[in-house]
Each structure stands twice: as structure tokens, then as C-alpha cells.
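The task is simple: from the sequences and hints, build the whole structure.
Chain by chain, the residues:
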Amino acid sequence: MAQQNLDNQLDIEAIYARNVDMVYRVCFSFLKNKADTEDAVHDTFMRCMRAAPRFANEAHEKGWLVVTAGNLCRNRLRHWWRKNTPLDETAFSGNDGPPTHDDTLDAILALPDRYKVSLYLHYYEGWPAGDIAALLRRPASTVRNHLSEARRLLKERLTDDEHT
Amino acid sequence: MNIHDRVVQSFNKLTPDEATKARIYERLVEQPSSHPQTTACYSRRRLGVALAITILFCATVFAATQLHKYVNWQREPVPEPNLYGGLSEKDVSVREQNRSWALLVGDLIPDNTHSEYWVAYRVSPDGTVDEKFAVVKTINRRFDSYAAFQAAISAEGVLLMPENVPEGFTLEKAEVSYTLPHSLAPVLLDEQKAADDVLLRRYALPPEKDRFLTMYRLFFVNQQNKRLFMTCELHNRSSIPNNLRIEGNSTARSVIIDGMDKALLMAGDASQPSGEANPATMSVIMRHKAVLSTAHDQGTRRWDYIDVLTDIPGAGPLLVHLYSDYHIISYGGLSQDDLLNIAGSFH
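Just so you know, the protein sequences line up as chains A and B, in that order.
Going left to right, the first sequence walks through residues 1 to 164 as this note's numbering numbers them.
Going left to right, the second sequence walks through residues 1 to 347 as this note's numbering numbers them.
Bear in mind the hints are in silico, worked out from the structure with no lab data behind them.
On a predicted model such as this, the values are computed, not experimentally measured, just so you know.
Some clues are possibly wrong.
Derived pair list, reagent style DSSO-like, types lysine-lysine, alpha-carbon separation capped at 27 angstroms [what the hints assert, rightly or not]:
1. A:K32 x B:K173
2. B:K21 x A:K32
3. A:K62 x B:K13
4. A:K155 x B:K13
One-sided excerpt, in silico: chain A residues whose CB lies under 7 angstroms from chain B [claimed, not checked]:
5. Y16
6. V20
7. Y24
8. F28
9. H42
10. D102
11. L105
12. R114
13. L154
Pulled a few chain A residues facing chain B out of the computed Cβ check, cut under 7 angstroms [said to hold, decoys possible]:
14. D21
15. R25
16. E38
17. V41
18. F45
19. T104
20. I108
21. Y123
22. Y124
23. R138
Where a beta carbon is used, it is the ideal one built from N, C-alpha and C, also for glycine.
The following block contains the structure:
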């Protein structure tokens, strides 16, 4: 496992290089447009620079960043002008959305926000539900339920799309 | 292809390109950090850039403090709102803990529908449910017709609204939000433990829900695509803001609006080359006080965009003062007189 701290200094350049793809994907899954996503990614690493946490290992580093990114995105979405904007108005139109049309991606973006971090960590990063639960400080049963519900919603939506 | 592979493939498509990554990183290293512990900041070039940016940042911070100010309804300067002013260190700590809990719990509450809603209660370490500390998301409803919106507001009985759609404008959409008081005693449908300290209960909404509108937003547009935006928010006794924020060099003056207790007219930045007010920021903010006999604490306390219900001690009808604030913002297309006429049409 790579050592994150170098003489007590946070190597933000290395941390950024290791994690920017992950943080960007997570932020986009919440915010659904490039401009807000770039701001959220910037804010996540800025918070990391300011907090200068001592990461025990890469998994700790990854977990800290993904939780921070999720929280920052949720805070952005909680502002009333975002909270009350219907999904169809915030979504992906023109050049501001995902690069190509993808039914699965559409279905992921439409999932309730509370499932997204768990879904990403489990499917993309390969984390077991127990580790995600420890990271999010939730009961493992809650994480398993979230994953199961997310899977059900994805299947439902993708089946619908195939039938239409 | 199975779900796992499809999810991975889709997330891969969200990978940022190199230009995007470089752009974000540039912003990151060029912004001065309050924590100078990054190795990035130790290179000579970056140190120089950081120093220059720091000077710029300090100037910007100084300028930013001049960009807005707070006044009372009489247009007198008042201090910036301090959420924790006058509280002991212990009380601040408790509030921060409550706030953190409320924020965390907000994510566990499913989205509400118009027929039912969910409330998250805090569970003490000894397993008892704290009925007096709960978090609920507002219930939002959208109307496309002004008549339907008027009917909803009329049923609520406290909030005011413009008599008609302002002349020359059409309604784009109207949104209302309900926040139900805990003491309304809706019908419990089921409950589940969402975390060690969180109990989620699902309730059926009673017919009286329509009396508990706490907020609305109206969006109008005219033929020139100029917009008119109105908001209304109901406050309870403990959270009435009396610090009104004024941006930049905007001007503000107290005005008298029929039927309102207080009103302030704010015109945009008057320092334009033309010397005229910028119509884009012309707005009226006004407050109405209603007295209502109710058995419920109709107000809510807001903690960082999440509504936290509060109970009032005792039961039975109470005479309460309910304050509602109205903000009308014109983004051009209206003269000052037109704007004041619209404000005067609220009933």
C-alpha cells in the first residue's frame, strides 16, 4: 500500500492524480452536468487540502474523498433553487451532459441520490457492503438494502426501455 | 451483459478528459489554501503564484465584504446574522450535533408523495424514540394553472397572493411546499429502523394537510422573455429574520404597501454609467402578520434546508402570530410603479 503522507505534507498532486476520475464520476452521478461537476470536484480536493487528513492507506484516502464528494454534492442539491428544479430541467441536454446516450447511465443518474455512493463503490470499485457500511457509518443491512433497491430500480428501468 | 458490467461501462463514460482534469487542477493549485501543507505549494513557481493570488484573494475578500450589507426594515444598518449569537459553548455544540444528525438523516428519508410522507425520529442510545426531535422533508406540489394555485392558497387561509397574474405576464409554473406539524397526528402506516439512531415512520397525509402550506414560488414570463419571480415563506415565532441583505450598491428604501406590515423596495446597482437603476435587480420584500387560532405549531425551524419539526407545550387552541415574508423580483420589463402595484395587489 502506498504511503500517502510525505514528511507530514499532503501530496495533493498525487492524491488528485489517483482519485480525480473517481471523484468526477461520483459528482457527475449526483449533479448531472459538467459545470457543476467541475465545481464539486474542485471543492472536494480543496477541502482535502484544507483539512489535510492523515490517510492511513489508499482505501482510507478513497473513502474520505468519495464521502466528501457525496456530501458536497448533496449540499449543492439541497439549495432550494436546485431542490425544487424538476429532474427534466437539470438533466443532460446539449453538450453539458454525458458524452453519449446510454440507457444504463440514464438509469443510474435517475436513481435516488442515497444509493449512488454505495452503488459506485460496490460495482465500480468492488467494495463489499460491509466496508461501505463502515465508511458511511450505516448498518450493513441498510447498505445491502440500498444496493438491492438500486439494482431493482436499474433492472426495472432497463427492462422498460427495452420494451419501448 | 449483466447489471454489473453495464454499470461499470456507464461509469467509465463519465471519466473526465485530460483537459478537464488539467483545468480543475489549475484552479486548485492557483487558489490559496488556508492550510499550507501541500507539497504543491512548495515549488518556487507555485509559491510565487500563490503569493500573487493571496494578495488578490485578500483584496477580493476585502471587496466582498463591501458587496453586501444588512439592514432592518427601516433601512438602518444592522450586524450580519449570527446563528449562534448569545449561546453558550455547550449549546452551540448541541446544535451542531443536532444539525449534523439532521443532515445525515435527510438522506435516509425517501421522497415524499402528495398522499403520504416520512418522518425520521431520533433514537436515544437507550433505545427510546425522541418524539420531539424529528426531521421531515417538505412536500412539494406543482401547479400549471394560476386558478389551481389560488385554490390551494385559499384553502391554506394564511398566506397572501397576487389577485391576478400580473398584466403582460403568463404563469410558467407555481410550486407550493407543505410542512406538517408533528401535532397534526397523521395516521401511522409503518415504521422501520434506518440506522442505530434513526427510526423512519411513514404516515398517511390527513385532509387537513392543505392548511399547512409553508412556502410557494411563482414564475412568470412576458413576451419579451423578461421574468418575474415571487416567493413566500411562512415563519414561526422563533425564526423570523430581521436582517435584510442588500447587494452591492443597490439602493433600498422603506415603502408602504396596503395590507402589509413592513416593506422595503430594493433597486439595483445605481452606479451604472447611465446612472439609472438596474431593473434586473428591482425587488420588493414585504412582511405580513396574521393572527390565527390553532391547535398546531404551524411554523417550522429550518436547519440548513431541512425542516425540523417542533412542538409547543400544552394542547388546545392557541392564538398565534404567523409571519409570512414575500419577495417579488423583477428581471426587467416592469417599472418601479408597476412593481409596487403588483405588491399592492396581494390579498
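Interface restraint verdict for T104 (chain A) against chain B (beta-carbon cut-off 7 angstroms): 4 angstroms, holds
Identify whether the interface hint at Y124 (chain A) stands, where standing means a beta carbon of chain B within less than 7 angstroms of its own. Result: holds, 5 angstroms to nearest chain B Cβ.
Under the criterion that the straight-line Cα-Cα distance not exceed 27 angstroms, is the pair K155 (chain A), K13 (chain B) satisfied? 20 angstroms, holds
Report holds or violated for the interface hint on R25 (chain A), using the least CB-CB distance to chain B and a cut-off of 7 angstroms. Where the cut-off is 7 angstroms and the nearest Cβ of chain B is about 4 angstroms from R25 (chain A), the hint holds.
Evaluation of the interface hint that places Y16 (chain A) against chain B, nearest CB under 7 angstroms: 6 angstroms, holds
Answer holds if the nearest beta-carbon of chain B is closer than 7 angstroms to that of L154 (chain A); otherwise answer violated. 6 angstroms, holds
Cut-off 7 angstroms, beta-carbon criterion: hint that V41 (chain A) touches chain B: Holds - the Cβ of V41 (chain A) comes within 7 angstroms of chain B, reaching about 5 angstroms at its closest.
Quick one, is the I108 (chain A) hint okay against chain B at 7 angstroms, beta carbons? 6 angstroms, holds
Please verify whether K21 (chain B) and K32 (chain A) have alpha carbons no more than 27 angstroms apart. 17 angstroms, holds
Proposed interface contact between L105 (chain A) and chain B, which counts if any beta carbon pair is under 7 angstroms: Since chain B brings a Cβ to about 4 angstroms from L105 (chain A), closer than 7 angstroms, the hint holds.
Please check whether F28 (chain A) passes as an interface residue: C-beta within 7 angstroms of a C-beta belonging to chain B. Given a least distance of 5 angstroms, the restraint on F28 (chain A) holds.
Would the hint on D21 (chain A) stand, with a C-beta cut-off of 7 angstroms toward chain B? 5 angstroms, holds
Figure legend: structure checked against the earlier numbered hints; every hint is met.
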